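*Asks:* Could you put the whole structure together from the sequences, leaning on the hints where they help?
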Amino acid sequence: MPIRAKFGAVICHVRGYPSLGGIILGVFTAMELEWLSQSRSKPSSRSPDAQVEDDFSFQMLRLGALWWKSMVLYGKMMSQVSGGCPWPGGFPPDFYVGYPSTGGVWVLKVPSGEFEPDDFGKVVMVFTMDEHCAALEEMGATFYAIVDECPDVAKSLKDDVAIGKRWKERMKETDE
Numbered sequence: 001m002p003i004r005a006k007f008g009a010v011i012c013h014v015r016g017y018p019s020l021g022g023i024i025l026g027v028f029t030a031m032e033l034e035w036l037s038q039s040r041s042k043p044s045s046r047s048p049d050a051q052v053e054d055d056f057s058f059q060m061l062r063l064g065a066l067w068w069k070s071m072v073l074y075g076k077m078m079s080q081v082s083g084g085c086p087w088p089g090g091f092p093p094d095f096y097v098g099y100p101s102t103g104g105v106w107v108l109k110v111p112s113g114e115f116e117p118d119d120f121g122k123v124v125m126v127f128t129m130d131e132h133c134a135a136l137e138e139m140g141a142t143f144y145a146i147v148d149e150c151p152d153v154a155k156s157l158k159d160d161v162a163i164g165k166r167w168k169e170r171m172k173e174t175d176e
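The sequence shown runs 1 to 176 under the working numbering.
Heads up, a few of these hints could be off.
Stated by the list, open to error - With a straight-line cut-off of 30 Å between C-alpha atoms, the simulated DSS-like cross-links for lysine-lysine are:
1) 6 to 158
2) 158 to 76
3) 6 to 109
4) 109 to 69
5) 122 to 155
6) 109 to 122
7) 69 to 158
8) 42 to 69
9) 6 to 69
10) 76 to 155
11) 155 to 6
12) 6 to 76
13) 69 to 155
14) 122 to 6
Keep in mind that the hints were calculated from the coordinates and are not lab data.
What you are looking at is a predicted structure, and each value in this text was computed from that prediction instead of being measured.
*Replies:* Okay, here's the thing in structure tokens:
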């Protein structure tokens, strides 16, 4: 069974396997794993149920994860970037997303090549989604009262995978 969650030193690398193809990759904190209904201490595996996997992949996208054509392409791009080679079309920005219990969504967008704010560690240290949202707000995140009005949050699995595919088209020559 393919791996869903693999723990690192401070964060957890999580994968979703949408029925539309490709792979959803995200790096999440303990609080985000809780929000995704994943164990904060035990690795997990892919669901054999395609609908469950699609729902999980969509929730990952709504937390800022990205769609990739394959792990091979992701590995190739990460090798290029870590080796100092520019990524054709630019690397996608990092999105940090929070959903307050009162509704809406907070989004902190960090463009490629820029660093997170100096006090970004507080995002990793929170216990609840509301604390996460407060930390994002302190760092200058944008609030959207209506989640579907936020251009940076997935509206549906199909639409977000299509956006990911268009973004990855910029790298076509690297994939060949």
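*Asks:* All the hints need checking, so say for each whether the structure fits it.
*Replies:* For each hint, the structure was consulted:
Restraint check for residue 6 and residue 158: satisfied, since their Cα atoms lie roughly 25 Å apart, inside the 30 Å limit. For the suggested pair residue 158 and residue 76, the alpha carbons sit about 25 Å apart, so the restraint of at most 30 Å is met. For the proposed pair residue 6 and residue 109, the alpha carbon gap of about 25 Å is at most 30 Å, so the pair holds. Under the criterion of a C-alpha separation no larger than 30 Å, the hint pairing residue 109 with residue 69 is consistent with the structure, at around 23 Å.
Distance hint between residue 122 and residue 155 is fulfilled; the C-alpha atoms sit about 28 Å from each other, no more than 30 Å. For the hint linking residue 109 to residue 122, the alpha-carbon distance of about 16 Å falls within 30 Å, and the restraint holds. Taken as a hint, the residue 69 and residue 158 pair is honoured in the structure, with Cα atoms around 14 Å apart against an allowance of 30 Å. Our distance criterion of 30 Å between C-alpha atoms is met by residue 42 and residue 69, whose separation comes to about 27 Å.
Using a Cα cut-off of 30 Å, the hinted pair residue 6 and residue 69 holds, with the two alpha carbons roughly 20 Å apart. Restraint check for residue 76 and residue 155: satisfied, since their Cα atoms lie roughly 28 Å apart, inside the 30 Å limit. Among the hinted pairs, residue 155 with residue 6 is consistent with the structure: their alpha-carbon atoms are about 27 Å apart, no more than 30 Å. Distance hint between residue 6 and residue 76 is fulfilled; the C-alpha atoms sit about 20 Å from each other, no more than 30 Å.
For the suggested pair residue 69 and residue 155, the alpha carbons sit about 19 Å apart, so the restraint of at most 30 Å is met. Among the hinted pairs, residue 122 with residue 6 is consistent with the structure: their alpha-carbon atoms are about 22 Å apart, no more than 30 Å.
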